[in-house]
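Colleague: If you read the sequences in order, they're chains C and F. Counting in the numbering used here, the final residue of the first sequence is number 316, and the numbers go up one at a time with none missing. Counting in the numbering used here, the final residue of the second sequence is number 632, and the numbers go up one at a time with none missing.
It cannot be assumed that every hint is accurate.
Each computed EDC-like pair below joins lysine to aspartate or glutamate, with the alpha-carbon atoms no more than 20 angstroms apart [what the hints assert, rightly or not]: (1) 294(C) x 307(C); (2) 183(C) x 444(F); (3) 275(C) x 307(C); (4) 183(C) x 448(F); (5) 430(F) x 195(C); (6) 532(F) x 630(F); (7) 251(C) x 240(C); (8) 438(F) x 194(C); (9) 199(C) x 448(F); (10) 198(C) x 444(F); (11) 198(C) x 630(F); (12) 539(F) x 561(F); (13) 530(F) x 540(F); (14) 183(C) x 195(C); (15) 438(F) x 307(C); (16) 220(C) x 208(C); (17) 183(C) x 630(F); (18) 266(C) x 278(C); (19) 438(F) x 448(F); (20) 430(F) x 307(C); (21) 241(C) x 257(C); (22) 183(C) x 194(C); (23) 530(F) x 488(F); (24) 277(C) x 315(C); (25) 199(C) x 444(F).
If you are wondering where the hints come from, they were derived from the structure by calculation, not from laboratory data.
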Amino acid sequence: MNINATLLGQAITFAILIWVTMKFIWPPITAALEERAKKIADGLAAAERAKSDLANAEVKSQEALKEAKSKAAEIISLSEKRRNEIIEEAKNEARTEAERVLAQAKAEVDQEINKAKEALRSQVADLAMAGAEKILRREINPAAHAELLSSIRAEL
Amino acid sequence: MSESAGLTSSEYIHHHLTNLQVGQGFWTFNLDTLITSALLGFLVLGLFALVASKATSGVPGKLQSIVEVILEMVQTQVRDVFHGEPGMVAPLALTIFVWVFILNSVDLLPVDLIPHLLGMAGVGHWRAVPTADPNLTFAMSLTVFVLIYAYTFKAKGVGGFLKEALTAPFGAKMAPFNLIFRLIEDLAKPISLALRLFGNMYAGEMVFILIALLPPYLQWLLGAPWAIFHILIITLQAFIFMILTIIYLSMANESH
Chain C
161 MNINATLLGQ AITFAILIWV TMKFIWPPIT AALEERAKKI ADGLAAAERA
211 KSDLANAEVK SQEALKEAKS KAAEIISLSE KRRNEIIEEA KNEARTEAER
261 VLAQAKAEVD QEINKAKEAL RSQVADLAMA GAEKILRREI NPAAHAELLS
311 SIRAEL
Chain F
377 MSESAGLTSS EYIHHHLTNL QVGQGFWTFN LDTLITSALL GFLVLGLFAL
427 VASKATSGVP GKLQSIVEVI LEMVQTQVRD VFHGEPGMVA PLALTIFVWV
477 FILNSVDLLP VDLIPHLLGM AGVGHWRAVP TADPNLTFAM SLTVFVLIYA
527 YTFKAKGVGG FLKEALTAPF GAKMAPFNLI FRLIEDLAKP ISLALRLFGN
577 MYAGEMVFIL IALLPPYLQW LLGAPWAIFH ILIITLQAFI FMILTIIYLS
627 MANESH
């Protein structure tokens, strides 16, 4: 074990190495480590925030969905009601129209019947007249019996 | 042994334990220790500095991850042990751990590899493991010793230090004893620091040299277990030197 001037040389080397570490190694790496720790902390906080945001959004979307559903149900019930109304209205309209058409047809038929009756009456009168004329040609004076004939016509 | 045929066992051991030296008396320099320690120190810490200069707070590369793991280990130790503003303590601890670790690791290379290669280049002696040279371990521990006193004076002032040295632990009436105790306590710190590392690495080197004296076909039988065990010692000694430095500086920073 011989101590000599090597000790001084080593001490100098040691001092330089300490200086190198203090100056060039320790500060940049600790700075990088601290920055990374901060980044990770920020990232975790952001993830946490995103999580709660997502939960909020889910709740909101649930609410919106519920609202939309109830609105849709409302619309459907309303439209059903309206449909029934429309059907009812159409039925009523159709009924009155049918009645109207029927009444008109009846009136027309009555009119036709009356017309036919009138025509028949005059024809029967004519026919009777012609028959009576043929039978009574000679004895009956049309002028003398005009009153009688017209009364018969009126009775027919 | 095979490479140094012609030497006796004791000559072989002696050859391996002789430093490459220049100079006379105290002004002798162990070139092997100086060169190896400076080369490895600047290589590894230079690599660290290179990684640090490109350090990103994003996804780190493999190299940066390694450096970060080591640095965070040191930082955790400093935080746990050292109370107060760490300042230079943490970088100092990192320097000690990395430097001692890499210098100890040279012990894992085959004992004859570097001396033999340099021998072919004409270098007569070469001790490969710088931490097995007390000059290095004492250089480190005395630097730490100076820092202990710097921290003591900074934290307590000269007056505070004198008061503490004279009155702790037995009170003012026993001042001389207190002073002697304090002296022993403080001197024991650098000596124990230096000798613990030196002793461990010297012994480790010695065992490797002795194993190298066995016949080649038997060397692995002892060499492999010892090398594996030595990985633990290398790391442990680097860690102990670092943690004790932190503890001593922490003690200097606080009052007893």
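Colleague: For every hint, state whether the structure bears it out.
Modeller: Evaluation of the provided hints:
1. 294(C) x 307(C): Roughly 18 angstroms between the alpha carbons, so the hint for residue 294(C) and residue 307(C) holds.
2. 183(C) x 444(F): holds (16 angstroms)
3. 275(C) x 307(C): Answer violated: residue 275(C) to residue 307(C) is near 25 angstroms, above 20 angstroms.
4. 183(C) x 448(F): The hint holds at about 17 angstroms.
5. 430(F) x 195(C): holds (14 angstroms)
6. 532(F) x 630(F): holds (8 angstroms)
7. 251(C) x 240(C): OK: residue 251(C) and residue 240(C) at ~16 angstroms, within 20 angstroms.
8. 438(F) x 194(C): The given pair, whose Cα atoms are some 18 angstroms apart, holds under the 20 angstroms limit.
9. 199(C) x 448(F): holds (18 angstroms)
10. 198(C) x 444(F): At roughly 16 angstroms apart (the allowed maximum being 20 angstroms), residue 444(F) and residue 198(C) satisfy the hint.
11. 198(C) x 630(F): violated (32 angstroms)
12. 539(F) x 561(F): holds (16 angstroms)
13. 530(F) x 540(F): Roughly 14 angstroms between the alpha carbons, so the hint for residue 530(F) and residue 540(F) holds.
14. 183(C) x 195(C): holds (19 angstroms)
15. 438(F) x 307(C): Violated, because 145 angstroms separates the two Cα atoms, which is more than 20 angstroms.
16. 220(C) x 208(C): holds (18 angstroms)
17. 183(C) x 630(F): violated (26 angstroms)
18. 266(C) x 278(C): Holds: residue 266(C) and residue 278(C) sit about 18 angstroms apart, inside 20 angstroms.
19. 438(F) x 448(F): Given that 20 angstroms is the threshold and the Cα spacing comes to 15 angstroms, the pair holds.
20. 430(F) x 307(C): Violated, at about 146 angstroms.
21. 241(C) x 257(C): violated (24 angstroms)
22. 183(C) x 194(C): holds (17 angstroms)
23. 530(F) x 488(F): The given pair, whose Cα atoms are some 48 angstroms apart, is violated under the 20 angstroms limit.
24. 277(C) x 315(C): holds (13 angstroms)
25. 199(C) x 444(F): holds (16 angstroms)
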